[in-house]
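Using the sequences and the accompanying hints, generate a full structural model.
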Amino acid sequence: MDPADDCATESEPCLSSPHGHFSSEPLPVYVNIHRVRRLVLVSIDDPYTIEHFREPALNSLLVRPLVERLYDPQDTTVVYSLLANRVYFLREQSGLVHQNVNVARATLCELVASRVLRRFHEDNPGPAGLLLVAHNLLDGLDPFQGASSDVEREGRHLQWPIQERGGQERKLTALELAILSESKAFISSAACQRVVDAVHSGRVIYTPLSFVDVLPDHYKYRPMSLYNPRDAPLLNHYRLIVPRIRAVVELVQYLVLLAFYVLTMIHRHRNFNRWELVFAIYTAGWVLQEFAAIIEHGWEVHTQNLWAFLDITFVIIYSIYVPARLYDLSIGHLHDGIGLHILCISAPVLLTRIAFNLMPHSIVFISLHAMMKDFTVLTFLALWCFAGFLLALQWLSAIDSSNSEFAPSWSTVGKWLLWIWFGLDGTGIEESINFHVILGPTLMVSFAFLGNTLFLTILVAILTNTFSTIIANEAAEIRFRRTVLTFEGVKSDSIFAYPPPFNILALVILLPLKFVVTSRFSPHGDVLAVLKSEPPEDVVRRFDELDPLDEIQDVEVGAPLETTANAI
Numbered sequence: 002m003d004p005a006d007d008c009a010t011e012s013e014p015c016l017s018s019p020h021g022h023f024s025s026e027p028l029p030v031y032v033n034i035h036r037v038r039r040l041v042l043v044s045i046d047d048p049y050t051i052e053h054f055r056e057p058a059l060n061s062l063l064v065r066p067l068v069e070r071l072y073d074p075q076d077t078t079v080v081y082s083l084l085a086n087r088v089y090f091l092r093e094q095s096g097l098v099h100q101n102v103n104v105a106r107a108t109l110c111e112l113v114a115s116r117v118l119r120r121f122h123e124d125n126p127g128p129a130g131l132l133l134v135a136h137n138l139l140d141g142l143d144p145f146q147g148a149s150s151d152v153e154r155e156g157r158h159l160q161w162p163i164q165e166r167g168g169q170e171r172k173l174t175a176l177e178l179a180i181l182s183e184s185k186a187f188i189s190s191a192a193c194q195r196v197v198d199a200v201h202s203g204r205v206i207y208t209p210l211s212f213v214d215v216l217p218d219h220y221k222y223r224p225m226s227l228y229n230p231r232d233a234p235l236l237n238h239y240r241l242i243v244p245r246i247r248a249v250v251e252l253v254q255y256l257v258l259l260a261f262y263v264l265t266m267i268h269r270h271r272n273f274n275r276w277e278l279v280f281a282i283y284t285a286g287w288v289l290q291e292f293a294a295i296i297e298h299g300w301e302v303h304t305q306n307l308w309a310f311l312d313i314t315f316v317i318i319y320s321i322y323v324p325a326r327l328y329d330l331s332i333g334h335l336h337d338g339i340g341l342h343i344l345c346i347s348a349p350v351l352l353t354r355i356a357f358n359l360m361p362h363s364i365v366f367i368s369l370h371a372m373m374k375d376f377t378v379l380t381f382l383a384l385w386c387f388a389g390f391l392l393a394l395q396w397l398s399a400i401d402s403s404n405s406e407f408a409p410s411w412s413t414v415g416k417w418l419l420w421i422w423f424g425l426d427g428t429g430i431e432e433s434i435n436f437h438v439i440l441g442p443t444l445m446v447s448f449a450f451l452g453n454t455l456f457l458t459i460l461v462a463i464l465t466n467t468f469s470t471i472i473a474n475e476a477a478e479i480r481f482r483r484t485v486l487t488f489e490g491v492k493s494d495s496i497f498a499y500p501p502p503f504n505i506l507a508l509v510i511l512l513p514l515k516f517v518v519t520s521r522f523s524p525h526g527d528v529l530a531v532l533k534s535e536p537p538e539d540v541v542r543r544f545d546e547l548d549p550l551d552e553i554q555d556v557e558v559g560a561p562l563e564t565t566a567n568a569i
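Per this note's numbering: the sequence shown = residues 2 to 569.
No lab work stands behind these hints, which were simulated from the structure alone. Please note: incorrect hints may appear among the correct ones.
[As the list claims (entries may be wrong)] Simulated restraints, written as ranges between beta carbons of each label pair:
no. : residue 1 : residue 2 : range
1   : I339      : R231      : 58 to 66 Å
2   : T50       : M373      : 24 to 32 Å
3   : S363      : L259      : 46 to 54 Å
4   : N125      : D232      : 16 to 24 Å
5   : D232      : V541      : 43 to 51 Å
6   : R231      : V541      : 46 to 54 Å
7   : E123      : S61       : 15 to 23 Å
8   : T454      : V43       : 46 to 54 Å
9   : T458      : P537      : 48 to 56 Å
[Claimed, not checked] Simulated pairs of lysine to aspartate or glutamate, EDC-like, Cα-Cα distance not exceeding 20 Å:
no. : residue 1 : residue 2
10  : K533      : E155
11  : K185      : E301
12  : K416      : E431
13  : K172      : D47
14  : K185      : D198
15  : K172      : E155
16  : K185      : E538
17  : K533      : D140
18  : K374      : E301
19  : K172      : E301
20  : K374      : E183
21  : K172      : D198
Ideal Cβ positions, reconstructed from N, Cα and C, are used throughout, including at glycine.
Encoded structure:
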């Protein structure tokens, strides 16, 4: 008898597929996401690491059965669903125990996604196979696709502006989810790098999905395809969105910015510096391009760029420089004003950025980028502690009226604390008795222990651990950063077609034509929202038919790893 005859009606699922899928068509994205979540929650409840999952015991009892159950040659949404669950598990962490378990679940999602993508890679060689694997990674998918209207209405939250883009609204790609969740093992896999290399070189052409377009140009949206130079025109301006070419264009634009900056500083003492005027206008266009790059794929993706923190620092400096320079103009101090002093501090940022551009795959710069996050957090905590000691000493000095001649200013007390912090001078400890006979020295010595000893020790330990982790996974780190550059290098916003400062002119002329925006919030909210809401009863029944619990129990790993290994 034909297995299809077992289906009662056309609307009911047919379970004759060897992978447990419906034989008629792939599952909707919404159903796939919740199906993956259900399988992962039932299968694992222990804080395993990636090394545990790769051992023969868990690999044969857990990872391989999940891959066999989820892999469907006709369904290109499984990888997306797995990575969406990884994002969810990494964000939904509460308590130390649950945090470790959720990290293990996120790791399992990444590993299974890598194996599923590898199956597509191995089963589909050649150009057609490359295009199929690219569809797994670069097709835009809506996490609520396939959900009922009631579920969608209750689950969706307010997002960034939803612009009409030919059916591509609210969609994300699997590669973007991999970058958001820092799935470095997945990205460094051969299957993923096959697609990244093809996109970087321009062999695979696709129109990226942006959250907000400054100058939308959605009529240019084209389906994913393989580039054929024989069919392309001689002067093909679409090749400018190829990441390899785009990187060269952006480097040239940055070198022009640096040249204008150097010429501005060389002639900074003139009453009218024409180079400064050119620099200010050109930099405004460059800042506009940076802003467009941030909203193209969202803040979280942009900050994964290797030199993003340098660009953001320069944007902040420029934002302070412009009003300060206008103030200089109003008082007639163009030759030596506050704005020029502020502009001077841009030199280490701009020159360092050149080094990052020339050696983007250097493990030293990759480590520096990774350590900046830890360094920033610890520095903020140290400054908070520093402010507490500063207030305590200043208020203690004001209360103690026995020594009326001792009245140090805020800056003086801050200088003493700073010198103690860096171990340069002990004047603050000598003067501490003037604050209070007992409490003054106690505060100063406590600050010396906390700042100079404890904080620096913790800082060195954390940064050393971060650096050693990156060195141990050097290949994966380099491939991850290269993937981020490739993903961000493909642009869809028309604003990138105009080099600075002409993009300002395009903005002034074309922006008034586009006023189709609503309130804007998190652009990745749908990925979390779709998993925070429970699926309806009909979807749960569908899960029971797809993945009966008595079958899933065979791959459950609630027992310790030793017990699981003995079960083989």
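To see whether the hints hold, each was checked on the structure:
| no. | hint | result |
| --- | --- | --- |
| 1 | I339 with R231: 58 to 66 Å | holds (59 Å) |
| 2 | T50 with M373: 24 to 32 Å | holds (26 Å) |
| 3 | S363 with L259: 46 to 54 Å | violated (20 Å) |
| 4 | N125 with D232: 16 to 24 Å | holds (23 Å) |
| 5 | D232 with V541: 43 to 51 Å | holds (49 Å) |
| 6 | R231 with V541: 46 to 54 Å | holds (52 Å) |
| 7 | E123 with S61: 15 to 23 Å | holds (19 Å) |
| 8 | T454 with V43: 46 to 54 Å | holds (49 Å) |
| 9 | T458 with P537: 48 to 56 Å | holds (54 Å) |
| 10 | K533 with E155 | holds (11 Å) |
| 11 | K185 with E301 | holds (15 Å) |
| 12 | K416 with E431 | holds (14 Å) |
| 13 | K172 with D47 | violated (33 Å) |
| 14 | K185 with D198 | holds (16 Å) |
| 15 | K172 with E155 | holds (18 Å) |
| 16 | K185 with E538 | violated (36 Å) |
| 17 | K533 with D140 | violated (24 Å) |
| 18 | K374 with E301 | holds (13 Å) |
| 19 | K172 with E301 | holds (16 Å) |
| 20 | K374 with E183 | holds (14 Å) |
| 21 | K172 with D198 | violated (23 Å) |
Hint violations for this structure: numbers 3, 13, 16, 17, 21, all remaining hints satisfied.
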